[in-house]
Amino acid sequence: MIYDYLYKLTGSEILSMLIQSAIPLFLLVLPFVLVAVWLERKVSAHMQDRLGPMRVGWHGWLQTVADLVKLIQKEDIVAKETDKVLFNIAPVLVFAGSYAAFAAIPLTSAFLGSNIDLGIFFIVAVSGLVVTGILMAGWASNNKYSLLGAMRSAAQIISYEIPTMLVILIVVMITGTLNLRTLSEMQTGYFWNWMIFGGPQFGIDKFILIPLMIIGFLIIYISTLAEVNRTPFDIPEAESELVSGYHTEYSGMKFSMFFLAEYANMFAVSAIVSALFLGGYQSPFGYLGNLLHLPWLIPIEQFGWFVGKGVFFVLVQMWLRWTLPRLRVDQLMAVCWKYLIPIAFADLLIVGLITVI
Amino acid sequence: MAQDSALNTQDLRLKTQGLRTEEMILNMGPQHPSTHGVLRLELQLEGEIITKVIPHIGYLHRCFEKHAEAMTYPQVIPYTDRMDYLASMGNEFGYVIAVEKLLGIEVPQRVEFIRVIMAELQRIASHLVALGTYGADIGAFTPFLFAFRDREKILNLFEITCGARLLYNYIWVGGLSHDLHPNFVKLAKEFIPYFRPKIKEFNELLSFNKIFIDRTADIGILPLETAVNFGISGPMLRGSGFKWDIRKNDPYSVYPKFDFDIPVGKGEMGTVGDSWDRYYVRVLEMEESLKIIEQALEQLPEGDVTSAIPKRIKPPIGQVYARIENPRGELGYFIISNGTLNPFRVKVRAPSFVNLGIMDELCRGHMVADIVAILGSVDIVLGEVDR
Amino acid sequence: MTDFRNLQYLTLTETMREYLSNIWKAFSTILIGMKVTFKHLFVPAVTIQYPDIKLDLPERERNRLYVNMDDCIGCDQCARACPVDCITIETVKALPTEDLGKTSNGKKKALWVTQFDIDLAKCCYCQLCVFPCPTECIYMTNVYEFSEYQRENLLYSYITLTPEEIIEKKNNLAKFEAEKAAKKAAAEVKPPEKKMAEPVVKTSPLPNPPVNNKTNDTQKEKQ
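Protein sequence lines, in the order shown, are assigned to chains W, D and B.
Adding 7 to a residue's 1-based position in the first sequence gives its number in the working numbering.
Adding 312 to a residue's 1-based position in the second sequence gives its number in the working numbering.
Adding 188 to a residue's 1-based position in the third sequence gives its number in the working numbering.
A hint or two may mislead.
In the DSS-like style, the derived pairs of lysine-lysine whose C-alpha atoms are separated by at most 25 Å in a straight line are [as the list claims (entries may be wrong)]:
1. D:512 / B:223
2. B:227 / D:510
3. D:512 / B:213
4. D:623 / B:295
5. D:578 / B:213
No lab work stands behind these hints: they were computed from the structure.
Please construct the entire structure, taking both the sequences and the accompanying hints into account.
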């Protein structure tokens, strides 16, 4: 819809395509990342009975801008023996992998970056770019510890993609489509039509599915938490462990790319989880636009709900970060392979049986 | 020459082999966020498993024992403060008890009670730092700030009494430098019911958290016999199951008048003597200290705190060894006097110095990521290790 | 081939029970911890925003030293009590004809204080100099914001005499001493009337260990 509108406005295909693809990046993700960094500092401060940034702008909301200005004007230090090409490409890959996921996430019913039928599959595939970016960063730093940290981080991300995929398979089995927009459209109505409550078809299946879907939701939330390297899975970023992370040798703008990519990734996985299980951009109660007979209000409302659900899950991720200690690397792997994957398999089998019967 | 060539070949081997998982020497350098000070740990690794740990100390050596020979007896007290800077009241207490034994003087009862109150408050403050930083090393950042917020209340109590928050110079030979502030008893009585629920909150947030238990249980198991052979004291020894506390086994000051328990490690979450046990013993000790402070505040007698302070301290020729229970273990002072105004020799038996010797035993067979957990449970302060 | 039957030391139900209890314990303790942090979101902050708001310090607070020179009698007790030797005092004896006034608690001053330097970079804020002062003229204030860009600026000098006055006092004293010595030399021309008694030689036992000699007291052996 936005594409048609822009085409009518500009008359050129390329221009309208460019603007349409730039909109989610500049209107949603970048402002969100700026807000998310400030929000994390404020949330962590208030959980610890202190105040957080207060001086730069009202209650410090311009702190991220100040930090970015500081990072931009820093000297770009590149160590001598590094592999220059890989060193420079790595942050770009990580950045691109995180942001590319937004192409297939429906922001509202009127806007979808690219309406491919492969929706979820595309997102998981493109997130794999992040792994190569991290490995490149670790290798090109010419630093023993960065390499170890990068390998651990890569192992972590790859292992935790498996439970993610298994749970996605559960949802796909029930709904029969990979396309996220169709998934969101299927959860229309009120909140009991959401996937986590068994899906839109009313019947005995729905009630049997509820506990299984809740377990699936928890599994995918935990494994996406591990994919974005947040506590309790933040071994690659921890400074109080012996091995420093894969982004130690980066300074200035390149470091800020890793940094921004992490927060964009957080929002992306929160959006995916909410799209799969909690209705995406659908409102739980019906629309104000329907009430007031203003059809153009509905996409805006849906956008609001989308952002609200995404921000809620990001806040829960931050909450977990400031409560829990860190898991050791082997315990991290144990959680994935011994707990999450068997339970996800069992879930998959049971849901498969239910769908067949 | 031979040594040079040996070093060269080792260097060459490491350079050419880089990451091959043979015996690798790794340096957890003097500047590290988790080594609680300037401590250098040289690790010999085989892959991820540690085969040997060699601690290198001396980065904070400030010649305390030599200084003490040039100062008069009262002038040594600011220097004793600065050894274990997180438990200064304890340091002063030990030194003062030693000199009073040499002089053979008795102090008024009020002085004894106030000294015990200060020492126990200091024990709580020191344990809060130990537990907070232990949580921060493991990755939980919030309990660290909660611990420091509660520590502020204790430091405020110290500040209204003697004017300083960390290095007090309060306990003097024969008495105290100031009497208690008029508000002290009231504020201390308010602190006790404020702090009890905080211990519970700390337990909920950190001690019984499954992830924390997984990180610390069955890590760094210290068998009782090894501990006794190494001369370990304090919460490390009690974590291995042995009920040994100098306040009960070799009492000093007015501790026999108070009713308190000695917590020991019972192996609730793993084996007896693992890091969780040592951590939990410290949590329980904070509760016991609250009990002592409560009883001492009830029984506090009146009196003059400066009446027994001698004008010039010139002990007769002799030597004395006095020990107290510092939050980190047994702190002992061995003082030789030669009849002049300056001590001839002041030797300090620092608990952290002795406890640090056990790092090699504890760390063998564990992974690199566990060193931080083990070092945090040993709870060293480099000021005491190096003096 | 490893014998898998011997490896098993837990029955199936025990393993399943441990597995499920691990999951249950993990979830319950994590949720309890999350409840604690959530409650703390609504607790007001315990920190203040320095330097806009500053704390009120208690009255016994021990920060920068201050010397009230009107009360100082130049007795040097504070310099001797300092463990780090950060106080330097020099005095010049006043002539008997000069009147320096009284301190606030009634002592008569008899010395001109020509140098009273405290090196605050060395001071360890231990308060040992405050107690020996007979007139309570040196005390610790609650000023803590006195950082300087140069270390020499932390050498505080408290005297109230100008350099010319110092030279004048020293010259006065030197002149007085010279006159006194001359008078004494004139009086000694008269022959001494009494013979001085023989000095008594005390044999003191050797000190056991080498001693940092600040006193000359004899020592008694204690068995």
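Status of the hints after comparison with the structure:
Proximity of residue 512 (chain D) to residue 223 (chain B) is assessed by CA-CA distance (about 13 Å); at most 25 Å being required, the pair is judged to hold. Between the alpha carbons of residue 227 (chain B) and residue 510 (chain D) the distance comes to roughly 13 Å, so the proposed pair stays at or under 25 Å and holds. Restraint check for residue 512 (chain D) and residue 213 (chain B): the C-alpha separation of about 18 Å stays at or below 25 Å, so the hint holds. Using a Cα cut-off of 25 Å, the hinted pair residue 623 (chain D) and residue 295 (chain B) holds, with the two alpha carbons roughly 21 Å apart.
Only pairs whose Cα atoms come within 25 Å are accepted, and residue 578 (chain D) paired with residue 213 (chain B) is accepted, the gap being roughly 20 Å.
In the structure shown, no violation is registered for any of the earlier numbered hints.
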